[in-house]
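Number of protein chains: 2
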Amino acid sequence: MINISFPDGAVRQYENGVSALDIAKSISEGLARKVLAASVNGQVWDATRPIYNDAALKLLTWDDADGKSTFWHSSAHLMAEAVESLFPGVKFWVGPALDKGFYYDMDLGDKKLSEEDLAKLEKKMNELAKQGSIYIRKEIPKAEAIAYFAEKGDEYKLDLLNNLNDGEITFYTQGNFTDLCRGPHIPNTSFIKAIKLTNIAGAYWKGDEKNKQLTRVYGVTFPNQKELDEYLLMLEEAKKRDHRKLGKELGIYTMDDDVGQGLPLWMPNGTIIIEELEKLAKETESAAGYKRVVTPHIAKESMYLTSGHLPYYADSMFPPMEMDGEKYYLKAMNCPHHHKIFAAEPKSYRDLPYRIAEYGTCYRYEQSGELFGLMRVRCLHMNDAHIYCTKEQFFQEFKAVNDMYLKYFKIFGIEKYVMRLSLHNPEKLGQKYVNEPELWKETEEMVRKVLIETGTPFIEVQDEAAFYGPKIDVQIWSAIGREFTLATNQVDFNSGRKFKLEYTTQNNDSDVPLIIHRAPLGTHERFIGFLLEHYAGKFPVWLAPLQVKILPISEKFAVYTDHVLRALQNKGVRVEIDERNEKIGKKIREAELSRVPYMLVIGEKEMNENRLSVRRQGKGDLGSQSVDEFINTIVDEIEQRKTVE
Amino acid sequence: MINISFPDGAVRQYENGVSALDIAKSISEGLARKVLAASVNGQVWDATRPIYNDAALKLLTWDDADGKSTFWHSSAHLMAEAVESLFPGVKFWVGPALDKGFYYDMDLGDKKLSEEDLAKLEKKMNELAKQGSIYIRKEIPKAEAIAYFAEKGDEYKLDLLNNLNDGEITFYTQGNFTDLCRGPHIPNTSFIKAIKLTNIAGAYWKGDEKNKQLTRVYGVTFPNQKELDEYLLMLEEAKKRDHRKLGKELGIYTMDDDVGQGLPLWMPNGTIIIEELEKLAKETESAAGYKRVVTPHIAKESMYLTSGHLPYYADSMFPPMEMDGEKYYLKAMNCPHHHKIFAAEPKSYRDLPYRIAEYGTCYRYEQSGELFGLMRVRCLHMNDAHIYCTKEQFFQEFKAVNDMYLKYFKIFGIEKYVMRLSLHNPEKLGQKYVNEPELWKETEEMVRKVLIETGTPFIEVQDEAAFYGPKIDVQIWSAIGREFTLATNQVDFNSGRKFKLEYTTQNNDSDVPLIIHRAPLGTHERFIGFLLEHYAGKFPVWLAPLQVKILPISEKFAVYTDHVLRALQNKGVRVEIDERNEKIGKKIREAELSRVPYMLVIGEKEMNENRLSVRRQGKGDLGSQSVDEFINTIVDEIEQRKTVE
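Residue numbers (the working numbering), protein chains in the order written: chain A, 1 to 645; chain B, 1 to 645.
Hints in this document: simulated from the structure, not taken from any laboratory.
Check each hint, because a few of them may be wrong.
Repeated chains share a single entry, so a pair holds when one copy, or any two copies, can fit it.
Cut-off 25 angstroms, straight-line C-alpha distance, at most; resulting in silico cross-link-like pairs (DSS-like, lysine-lysine) [said to hold, decoys possible]:
| # | residue 1 | residue 2 |
| --- | --- | --- |
| 1 | K583 | K291 |
| 2 | K291 | K538 |
| 3 | K327 | K34 |
| 4 | K399 | K142 |
| 5 | K300 | K498 |
Everything numeric in this text was worked out from a predicted model, so none of it was measured.
When you get a sec, could you build the whole thing from the sequences and use the hints?
Structure (structure tokens):
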């Protein structure tokens with residue numbers, strides 16, 4: 001018998017060689033039908049794989065990231081089986097799971113896949129899935145593995161085998177398809193109930209453009225049709241809301257070859273949004289006791305040797321500029337510059353917590369193939385700040401940061417969010433993690449307490465903390481249910497020492513402050529990209545580049561129109577007049593399309609009564625209002641930063 | 001007889017060989033006593049040099065920059081004469097005039113000059129000046145010149161002679177001193193009536209640290225004692241107001257070795273000033289119809305090849321970063337990025353004038369020896385904007401820019417300023433100047449008209465325009481009378497074409513816009529450096545990092561003190577409480593020293609009567625005010641951006 005311990009702390013005894021699936025069945029058949037894989041002592045295994053020793057077990061279902069990932073990896077194998085049955089002779093490279101779905105890279109010889117082929121493949125996959133073929137794991141000697149793929153003539157798998165050691169090689173077989181694979185996989189193909197192949201792309205073998213171009217087929221699968229339908233609907237909506245398309249249509253940003261890839265130029269409309277976001281951040285941070293600083297975009301090599309970013313992080317930084325015999329780097333993060341400001345004047349416990357904020361612009365090197373609109377860029381305007389505090393102040397400071405996130409979520413109508421709390425692994429202290437066992441325990445406990453006390457949804461992830469302290473990755477979902485990583489929140493008990501930051505304690509000793517890194521609004525680039533999708537370009541009034549468009553029916557009303565314009569401008573409202581000699585219907589239609597929140601139609605009646613005919617984007621006519629009435633409404637809406645209902 | 005034409009257009013006939021001084025004497029003896037040199041056909045000449053051809057003549061006095069410069073260059077010769085008489089055997093390198101004063105580099109062998117030596121030299125110079133020795137110009141064959149300095153054993157002058165051609169070499173002699181010199185000089189030494197040698201420094205020969213270090217003696221001279229006294233007083237005051245000293249004391253900025261030279265980090269107090277200046281600029285520019293943009297700090301080499309900054313301006317730029325086989329440069333100016341934004345969307349005449357503004361951060365390479373506090377830096381936050389307009393719109397646009405300058409001068413209490421208008425030279429069209437004779441004429445005329453119509457003080461300088469259009473350098477004087485170059489204002493009829501900028505005209509043709517480059521507040525670095533001196537660190541309330549300090553007499557009044565604090569904070573006033581357990585006298589003294597504009601003393605009486613005892617920095621007790629009364633006063637003072645009286 002072996003001892004199996006469960007996440008709730010319970011420990012039960014089972015026959016040696018029991019599988020996770022057996023254990024699930026022993027609990028309930030319903031549970032067993034949902035088990036996709038299992039975490040065994042922290043490693044993800046096939047649910048069907050026998051367990052021969054005492055183990056900590058977690059059953060993984062569709063609700064677990066690792067469960068989904070296993071499901072999609074198995075779906076890639078299912079797709080490969082279908083491809084091989086329709087296009088015999090195909091050779092396969094790799095087929096990993098993605099954040100959402102999977103792909104497989106394959107060499108189809110001269111065959112070009114068409115949309116029709118995808119439909120055929122989907123049909124075949126559905127057939128094969130229904131057969132419920134079991135995914136069979138087999139450990140295999142290297143020589144045998146080589147012989148198998150040599151016979152098959154698949155040089156890609158042979159290349160993979162080159163880098164594997166004898167004794168660690170496994171094959172997985174389902175139905176008529178066998179693949180070299182580390183696994184794990186789901187129990188059988190019948191779990192896969194809904195299938196969509198989404199895209200065909202070219203991909204150079206090993207990502208190197210000197211190599212042959214393979215065919216990459218993307219797909220996504222689900223355990224039921226309803227989820228697939230919802231997902232496809234979301235994709236369709238996301239396409240309409242594509243931030244690159246909206247960004248161009250609305251004059252938010254542009255890219256230019258002479259400037260460089262991944263370096264957005266913010267157009268006037270985008271700059272208005274940037275400035276509104278910065279205004280919000282400055283107000284919020286000022287009320288929370290932050291001071292502001294401005295630091296250069298470069299620093300000498302010595303700075304990043306001290307911080308430890310060099311040499312380890314060099315690949316993510318821009319290359320150096322060599323000047324006066326020194327190397328200068330574009331900053332990839334603001335922390336070291338902020339630490340220098342902390343250090344510039346002597347500090348005492350009275351100066352703590354010392355909170356300094358900056359919308360700092362950082363530059364990070366991303367491979368050009370990874371760049372994507374505003375989502376993956378090389379220039380990042382970061383809502384950054386660093387809090388230097390004592391251990392005693394930490395809980396309160398971390399809670400205040402968390403509260404700031406929640407406040408922002410409310411303002412932007414972000415209803416779904418999860419804090420992903422990454423913890424250290426006590427076994428790796430002094431190696432992967434700075435050797436401060438007490439500080440790790442205390443700060444992790446305090447961070448957890450903040451999340452629990454504030455009712456903030458969170459998950460815990462073992463062994464994924466930063467080197468220098470626990471961290472929180474903030475995941476948010478847009479209005480159409482797409483997930484984005486917004487920002488990271490980090491505790492840091494290492495940089496203080498590295499930069500020799502000190503404060504005088506009440507006892508006249510000297511101590512090193514704890515540091516909190518935080519950036520609740522992430523970067524302008526990613527956040528505005530997110531907001532474009534989230535609002536479908538229909539920004540709430542306070543963020544809208546143009547807030548009001550005045551639509552006079554004829555130029556006869558120019559004097560009154562101008563009076564309304566000026567009354568609104570005096571209140572700081574962003575307003576324009578459509579002075580063109582066009583039919584009012586056309587003016588309204590075009591204003592609607594431009595997504596301006598309010599339209600004011602002005603004709604004879606409005607002028608005579610000193611009133612306005614008010615229209616709201618997407619909602620039509622709101623009826624007649626006096627000028628003052630409208631001004632009060634819109635000014636209130638702007639000042640309160642009301643979200644779109 | 002020859003024809004001499006004067007600046008007022010008058011033309012008179014004189015004997016051939018007449019000198020400018022003769023001509024001045026023929027007008028009045030008083031005038032002749034003031035003539036230091038003359039501009040003859042645009043070249044500065046000795047006033048005593050005979051004129052043999054028809055010429056355009058301008059007599060130069062102490063009121064002309066070239067007059068002053070000649071005066072100081074002659075003073076350098078006078079100093080050299082004094083040095084040679086006190087330290088025979090001295091060898092001389094060069095002795096130019098400076099913006100203010102002059103220096104001479106000399107090799108004194110083993111002799112180290114002391115302060116006492118300077119006093120002796122001053123005395124000697126006064127003696128020699130009184131002798132009224134004439135500066136005698138003599139053209140001299142190269143061989144003879146070489147023989148003279150060879151005999152004297154002066155290898156430095158021989159080195160200079162190496163690079164001169166026979167036929168263009170002149171000597172100047174006054175009293176017992178002869179120098180190799182291009183001239184010009186003042187008529188005689190008696191013009192120099194007040195002398196101060198200000199500084200001794202080391203200077204490597206030819207600025208190369210591998211060469212011998214020479215002794216550099218700085219001095220300044222004036223045509224009367226009063227001006228010297230005023231100047232020395234100003235220097236003393238400037239020392240007290242040194243922006244580097246104040247910048248540290250007031251927590252405005254810091255520098256750090258790991259960040260790099262010439263790269264200020266703005267501390268919280270400096271950042272408040274930055275943000276107030278940006279707020280002012282944004283309000284002003286928004287009211288003037290500017291839109292805002294945000295652009296990256298880097299661009300590819302191709303951008304600067306298009307703009308023409310590469311290769312010509314490369315020495316003033318940071319070296320490139322090589323990435324993905326491309327060269328990226330830190331931007332040294334914002335214009336090319338702005339042009340790209342103009343070009344990103346098609347423009348019609350309806351979109352013009354198109355005005356885009358950005359507080360853009362630029363990086364320029366300055367030699368480390370040239371760096372000086374905030375005045376000469378490598379990172380510049382520039383109050384930049386570009387106006388794209390038609391020729392018809394130019395006058396109005398340029399006038400609006402000029403008005404903005406005047407508005408700012410008023411806000412900052414800048415009472416003395418001069419616009420230095422640099423014009424082209426029609427003879428150099430197509431070489432030094434872009435070949436657009438009509439555009440030059442028209443825009444220069446319009447710029448001049450703006451300056452005249454608005455009563456803006458200005459001077460015209462021939463043949464100093466930019467390649468692509470006329471420019472204005474804006475000179476301002478601080479409260480203690482020191483001159484600063486604030487900003488440059490340029491007309492540009494070249495970049496539009498280079499960047500293929502176009503707009504559709506009313507006739508459906510395509511045309512290239514004129515561009516105005518302007519930055520009325522210059523850079524944060526220089527402007528805040530200027531303001532520190534200008535205000536002696538005593539900023540007007542709207543700019544003061546801390547606006548109010550509350551000084552409770554005892555902690556017994558904590559509740560009331562806190563109520564006052566919050567009432568002020570609610571109105572956006574930057575306020576702090578001095579909660580220390582110290583005597584009120586000490587609290588007041590320290591608050592005064594910290595230069596906070598308002599101090600509110602709170603004791604029993606104030607609390608009971610809901611009043612405040614108000615003190616103004618540098619002015620003492622303003623008496624008792626109710627809380628509301630004080631709030632109204634200070635809020636008004638801030639909103640109106642009142643200058644310090």
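Results of checking the hints against the structure:
| no. | hint | verdict |
| --- | --- | --- |
| 1 | K583 to K291 | neither (52 angstroms within a copy, 29 angstroms between copies) |
| 2 | K291 to K538 | between (33 angstroms within a copy, 21 angstroms between copies) |
| 3 | K327 to K34 | neither (56 angstroms within a copy, 54 angstroms between copies) |
| 4 | K399 to K142 | neither (53 angstroms within a copy, 82 angstroms between copies) |
| 5 | K300 to K498 | within (16 angstroms within a copy, 35 angstroms between copies) |
Comparing the model with each earlier hint shows violations of hints 1, 3 and 4; every other hint is respected.
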